[in-house]
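Engineer: Chain order of the listed sequences is F and Z. Going by the working numbering, the first sequence opens with residue 255, and the numbers climb by one from there. Going by the working numbering, the second sequence opens with residue 12, and the numbers climb by one from there.
No lab work stands behind these hints, which were simulated from the structure alone. You can trust all of the hints, since none of them are fake.
Here chain Z is said to cover these stretches of chain F; the calculated rule only asks that three of the stretch's residues, wherever they fall, bring their Cβ under 8 angstroms from a Cβ of chain Z:
#: 1; region: 441-450
#: 2; region: 513-520
#: 3; region: 523-530
Since the model is a prediction, treat every value here as computed from it, not as a measurement. Using N, Cα and C, we set each Cβ at its ideal position, and we do this for glycine too.
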Amino acid sequence: MAMADLDIHEPGDLAEAFCLLRAPDGAARPMGGGTALMLMMKAQLFKPSALVSLAKVDPRFHGVELSADGASFSIGAMTTFAELEHHADLCARLPVIAQTMVTLANPRVRNVATIGGNLAHADPHLDLPPVWASLDAEVSVIGPQGERRFPVIELFAGYYETTLQPGELIMRLHAPVQQGWRRRYVKVTTRSAHDWPAIGIAIGLKMQGARCEDLRLILSAATDRPTRLVAAEAVVRGQAITDDLLAAAGKAAASEVHIETDSRGSSDYKAHLLSVHLKRALHDLCE
Amino acid sequence: MARQIGLSVERLEDPALLRGQMKYLDDLELPGQLHVAFLRSEHAHARITRLDVTRARALPGVHAVITMEDMERALGRVRMPLSASPTKATAAITPYILSGTEVAFVGEAIAMAIAGSRHIAEDAVDLMEIEYAPLPVIMSAKDAVPDTAPRVRTEASSNVFNRMHVNYGDIDAAFADAPHVFQEDMLQHRGCGHPMETRGVIAEPRMDGTMNVWSSTQMPHDIHQGILEVLGLEDDALRVITPEVGGGFGPKYCAYPEELAIPAAARMLGRTLKWVEDRREHCLTAVQERDQFWSLEIAVEADGRIRGLRGSLIHDQGAYALKAVNLPYNSATAVPGPYMVPALDMRVIITFTNKVPASSVRGAGYPQAAFAMERLMDLVAQRLGLDRAEVRRRNLVPPEKMPYTKPLKARSGAPVTYDSGDYIASQKEALEAAGWDGFADRQLEARKQGRYIGIGLANAVKGTGRGPFESGTVRVNPSGQVSIFTGAAAMGQGIKTTLAQICAEQLGLTADKVTVICGDTVAAPLGLGGFASRQLVTAGNTVLLAATEVAQKAKKLASHMLEADIEDLELLDGKVRVKGSDVSVTLAELARVLRGSPGYAFPPGLDPSLQSDAKWQTEALTYSNTTHVAEVEVDVDLAQVKILRYIALQDVGVRVNPMIVEGQIRGGIAHGIGNALFEQMIYDDEGQPLTTTFADYLLPTAPELPRFETLYRDTPSPINPLGAKGVGEVGTIPVTAAIISAIEDALAPFDIRIQQTPVLPETLFHLISTARARGLPRP
Numbered sequence: 255m256a257m258a259d260l261d262i263h264e265p266g267d268l269a270e271a272f273c274l275l276r277a278p279d280g281a282a283r284p285m286g287g288g289t290a291l292m293l294m295m296k297a298q299l300f301k302p303s304a305l306v307s308l309a310k311v312d313p314r315f316h317g318v319e320l321s322a323d324g325a326s327f328s329i330g331a332m333t334t335f336a337e338l339e340h341h342a343d344l345c346a347r348l349p350v351i352a353q354t355m356v357t358l359a360n361p362r363v364r365n366v367a368t369i370g371g372n373l374a375h376a377d378p379h380l381d382l383p384p385v386w387a388s389l390d391a392e393v394s395v396i397g398p399q400g401e402r403r404f405p406v407i408e409l410f411a412g413y414y415e416t417t418l419q420p421g422e423l424i425m426r427l428h429a430p431v432q433q434g435w436r437r438r439y440v441k442v443t444t445r446s447a448h449d450w451p452a453i454g455i456a457i458g459l460k461m462q463g464a465r466c467e468d469l470r471l472i473l474s475a476a477t478d479r480p481t482r483l484v485a486a487e488a489v490v491r492g493q494a495i496t497d498d499l500l501a502a503a504g505k506a507a508a509s510e511v512h513i514e515t516d517s518r519g520s521s522d523y524k525a526h527l528l529s530v531h532l533k534r535a536l537h538d539l540c541e
Numbered sequence: 012m013a014r015q016i017g018l019s020v021e022r023l024e025d026p027a028l029l030r031g032q033m034k035y036l037d038d039l040e041l042p043g044q045l046h047v048a049f050l051r052s053e054h055a056h057a058r059i060t061r062l063d064v065t066r067a068r069a070l071p072g073v074h075a076v077i078t079m080e081d082m083e084r085a086l087g088r089v090r091m092p093l094s095a096s097p098t099k100a101t102a103a104i105t106p107y108i109l110s111g112t113e114v115a116f117v118g119e120a121i122a123m124a125i126a127g128s129r130h131i132a133e134d135a136v137d138l139m140e141i142e143y144a145p146l147p148v149i150m151s152a153k154d155a156v157p158d159t160a161p162r163v164r165t166e167a168s169s170n171v172f173n174r175m176h177v178n179y180g181d182i183d184a185a186f187a188d189a190p191h192v193f194q195e196d197m198l199q200h201r202g203c204g205h206p207m208e209t210r211g212v213i214a215e216p217r218m219d220g221t222m223n224v225w226s227s228t229q230m231p232h233d234i235h236q237g238i239l240e241v242l243g244l245e246d247d248a249l250r251v252i253t254p255e256v257g258g259g260f261g262p263k264y265c266a267y268p269e270e271l272a273i274p275a276a277a278r279m280l281g282r283t284l285k286w287v288e289d290r291r292e293h294c295l296t297a298v299q300e301r302d303q304f305w306s307l308e309i310a311v312e313a314d315g316r317i318r319g320l321r322g323s324l325i326h327d328q329g330a331y332a333l334k335a336v337n338l339p340y341n342s343a344t345a346v347p348g349p350y351m352v353p354a355l356d357m358r359v360i361i362t363f364t365n366k367v368p369a370s371s372v373r374g375a376g377y378p379q380a381a382f383a384m385e386r387l388m389d390l391v392a393q394r395l396g397l398d399r400a401e402v403r404r405r406n407l408v409p410p411e412k413m414p415y416t417k418p419l420k421a422r423s424g425a426p427v428t429y430d431s432g433d434y435i436a437s438q439k440e441a442l443e444a445a446g447w448d449g450f451a452d453r454q455l456e457a458r459k460q461g462r463y464i465g466i467g468l469a470n471a472v473k474g475t476g477r478g479p480f481e482s483g484t485v486r487v488n489p490s491g492q493v494s495i496f497t498g499a500a501a502m503g504q505g506i507k508t509t510l511a512q513i514c515a516e517q518l519g520l521t522a523d524k525v526t527v528i529c530g531d532t533v534a535a536p537l538g539l540g541g542f543a544s545r546q547l548v549t550a551g552n553t554v555l556l557a558a559t560e561v562a563q564k565a566k567k568l569a570s571h572m573l574e575a576d577i578e579d580l581e582l583l584d585g586k587v588r589v590k591g592s593d594v595s596v597t598l599a600e601l602a603r604v605l606r607g608s609p610g611y612a613f614p615p616g617l618d619p620s621l622q623s624d625a626k627w628q629t630e631a632l633t634y635s636n637t638t639h640v641a642e643v644e645v646d647v648d649l650a651q652v653k654i655l656r657y658i659a660l661q662d663v664g665v666r667v668n669p670m671i672v673e674g675q676i677r678g679g680i681a682h683g684i685g686n687a688l689f690e691q692m693i694y695d696d697e698g699q700p701l702t703t704t705f706a707d708y709l710l711p712t713a714p715e716l717p718r719f720e721t722l723y724r725d726t727p728s729p730i731n732p733l734g735a736k737g738v739g740e741v742g743t744i745p746v747t748a749a750i751i752s753a754i755e756d757a758l759a760p761f762d763i764r765i766q767q768t769p770v771l772p773e774t775l776f777h778l779i780s781t782a783r784a785r786g787l788p789r790p
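Between the sequences and the hints, there should be enough to build the whole structure, so can you do that?
Structural biologist: Structure representation (structure tokens):
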């Protein structure tokens with residue numbers, strides 16, 4: 255299908271961008287890499303009258319920086335996946351990002367898609383948002399009313415919905431580098447490898463001896479937004495890891511969230527996959 | 012004579028492909044061309060209560076909007092002809108060129124917008140105002156059968172389009188005192204063809220009243236015939252050309268409404284029109300194979316030998332028939348496959364449903380037949396406590412019975428005769444390669460470690476080389492280059508290289524000295540095209556005959572010119588040479604002589620041109636046979652299947668180019684793996700297709716495919732001079748059966764029986780959960 259006519263703007267500063275995004279018909283849309291947006295536009299699911307590129311609005315939308323104390327990365331929203339994937343410092347300190355990239359789309363998409371656009375798209379099937387959430391990452395957003403910063407998990411409001419206010423743009427992402435955490439993203443495709451995940455699980459685990467000191471479990475794809483598995487975390491936190499404990503955690507996870515049936519699997523099957531994969535991944539991370 | 016046949020010559024097609032220089036239909040830009048977009052039905056079944064195209068016509072950049080009424084006024088008809096194929100069907104079964112009153116599937120074409128760009132044409136479609144009154148929808152072929160069912164189309168007197176009875180032998184006697192009778196019901200779904208290049212049409216009306224049409228099709232001559240009939244043109248007033256075709260796989264075997272609507276509209280407007288199908292349109296409107304409901308009973312002796320087979324098959328035809336419906340006939344007649352079945356009784360019901368029409372996809376009903384039969388073989392083995400391979404061995408047609416004539420008739424009326432091959436040896440060789448005999452031990456060992464591995468096998472035969480003929484002309488040009496003109500259709504499979512090799516060998520050349528011109532009704536006015544794994548056999552033998560005649564003619568002329576005995580001459584390196592000497596004349600020189608010089612006579616007994624035209628004919632099919640063995644591992648906690656090994660033995664006769672054969676076989680197996688584990692065209696209850704992107708309709712990709720271990724037995728076909736058998740579909744036929752047999756074997760401790768294709772993880776999950784609820788596997 256052919257896309258409808260539209261204007262493309264590339265404003266040189268934020269004020270101009272805010273102004274363009276306040277177009278009277280409300281159909282102007284900010285654009286990062288545009289990978290998800292173009293698909294929706296070609297399918298005519300979405301027909302913006304104008305696209306506003308964020309490529310040149312502000313230097314703060316760019317660059318990957320490690321804080322002087324090495325405690326956190328600050329990542330510009332316009333950073334492409336490929337930049338992160340090949341960023342030596344980031345790969346060394348947060349290897350879960352490179353691990354996630356291996357099965358994320360393909361090099362052509364990763365060369366273009368941006369970190370900010372990926373968050374703003376808020377499709378629950380995306381791979382990186384649950385990983386950021388499991389890292390306790392935060393986002394800085396900027397809008398006509400000013401700047402605010404909050405945990406990334408609070409960004410998601412539902413299918414393709416965020417808590418961003420009108421005019422607000424995601425500017426930077428802040429990902430802490432925590433010592434002693436083991437991390438993994440489990441992408442569960444039930445059919446071919448290029449399928450969207452039936453479920454995604456981002457896991458962070460901190461052990462103290464045989465005991466779990468702390469953990470983060472974030473479920474994606476099966477729910478309408480990346481969702482922290484609070485009950486499953488509570489089962490494991492502070493406990494010695496045993497097969498029985500992991501089985502209990504899997505059960506807790508499967509019963510604490512509402513999982514939708516879709517073409518990638520029934521609610522039952524996906525809940526089952528969640529419990530099995532959670533158990534297996536925690537088991538592997540403990541070793 | 013330099014050997015060319017049997018060499019893995021690099022494909023002549025590839026340099027242009029690798030450089031991105033191949034010209035597909037969408038690469039053609041004709042001066043002044045306009046673009047077409049179609050308004051398509053949003054309902055699976057509805058009456059059109061209002062269609063107002065005023066606003067669409069008024070959109071700047073729109074040249075015309077054409078509806079069924081306009082079409083009827085111009086053509087005096089509204090329906091598609093039933094192609095060139097002879098058929099008994101006379102009822103109103105073909106689709107409308109454009110539909111105006113009632114639509115019977117989502118995607119049915121209703122009106123066309125013609126504009127300066129595709130964008131504007133699509134915008135114009137959006138401006139068409141249409142209202143529907145929904146009518147009852149029939150989605151399952153089973154629901155269509157009862158007389159009380161609402162009609163798929165209100166014009167139809169019945170949803171049952173046709174009933175066929177395929178039978179031979181004394182079926183009642185076979186079952187009456189049979190030691191064992193086993194029964195199985197199966198639901199077989201096959202998906203779509205999905206060539207990477209979708210369909211597309213360009214029509215160029217010319218000042219002199221003639222027309223050129225380009226179409227991405229497997230069947231240019233069928234399209235030619237259809238357009239002639241609908242537009243009332245004379246043969247020579249129309250030229251149909253297929254540019255390079257980016258895959259066929261069946262969907263381009265039919266002539267579609269767009270292939271008539273666009274030439275018709277081009278003629279009405281006197282403008283060149285172009286339409287390229289987008290992927291969503293392809294998902295909505297290109298033919299699929301879809302659903303067959305099978306119910307079978309097999310009667311066997313105590314030792315597993317087959318006494319008889321009976322049952323029924325309900326075939327989902329969709330809303331119309333684009334061609335004579337052969338697919339379910341293929342399925343019903345192919346059930347016995349490579350086995351001796353003394354009595355057969357199959358009742359076939361073909362029903363309309365409110366879905367896109369069904370027609371052949373690679374394999375054309377044979378994979379379903381193989382699945383049905385192989386599932387029964389596994390069932391017999393399981394119930395009688397016999398090895399699955401042994402049950403098959405006892406029933407395979409043995410080599411001493413070749414040629415083996417079945418009491419069945421092919422479409423031509425000729426008896427079905429398996430011409431050659433050693434099916435028992437094929438199975439044995441494949442099993443040895445797979446380590447079949449030692450597998451049970453490996454399986455037990457794996458189970459001790461909590462791993463569920465399984466092995467499965469399937470045999471199949473495929474009738475290939477469907478006649479009655481294919482055309483071919485071989486001409487030596489004055490440059491020494493050779494041209495072949497053929498009605499065969501190149502669609503990416505490498506047929507040009509293969510034909511060039513056959514020709515080159517006869518003329519003492521290498522394949523790169525031969526150019527093959529396909530898919531042009533002026534270059535080759537007669538032809539049938541690409542389907543039924545037929546072109547190597549039909550066009551290959553035609554080229555062999557034509558090239559042999561050209562070689563004879565070259566020698567005859569050379570014997571005059573070199574004053575040598577014809578028996579002393581040989582063709583080598585582009586020359587005719589006196590054996591054992593350096594006295595020779597080039598083919599180029601001979602071609603120049605036979606073009607004639609004004610006033611000079613040709614040597615006695617020779618006529619103009621170093622060229623020959625042949626039409627090798629056949630009524631019989633030649634049968635390729637295969638044995639495939641799959642080894643899988645099932646993760647029983649996740650219900651996920653991984654193919655560990657895949658061994659595929661083929662006997663496809665003489666392999667003209669083994670590399671091309673290997674590519675065809677691997678592609679065929681990949682297609683079969685898709686059918687076994689991934690591909691499913693899903694509709695909701697209202698007839699809305701849900702899998703209209705590659706994100707929803709999953710094709711297998713490299714990570715899902717195992718390394719293929721291929722084996723070949725090259726039994727030449729005794730019924731054609733080349734000894735060739737067809738290849739294109741052969742690799743696909745046994746795949747679903749082999750994989751599902753392996754999955755079932757892996758899950759033997761769960762006592763699971765799989766009666767459907769495809770087998771998605773969800774299905775396995777429920778089967779495993781149900782078994783677990785029954786206390787399986789037992790400790």
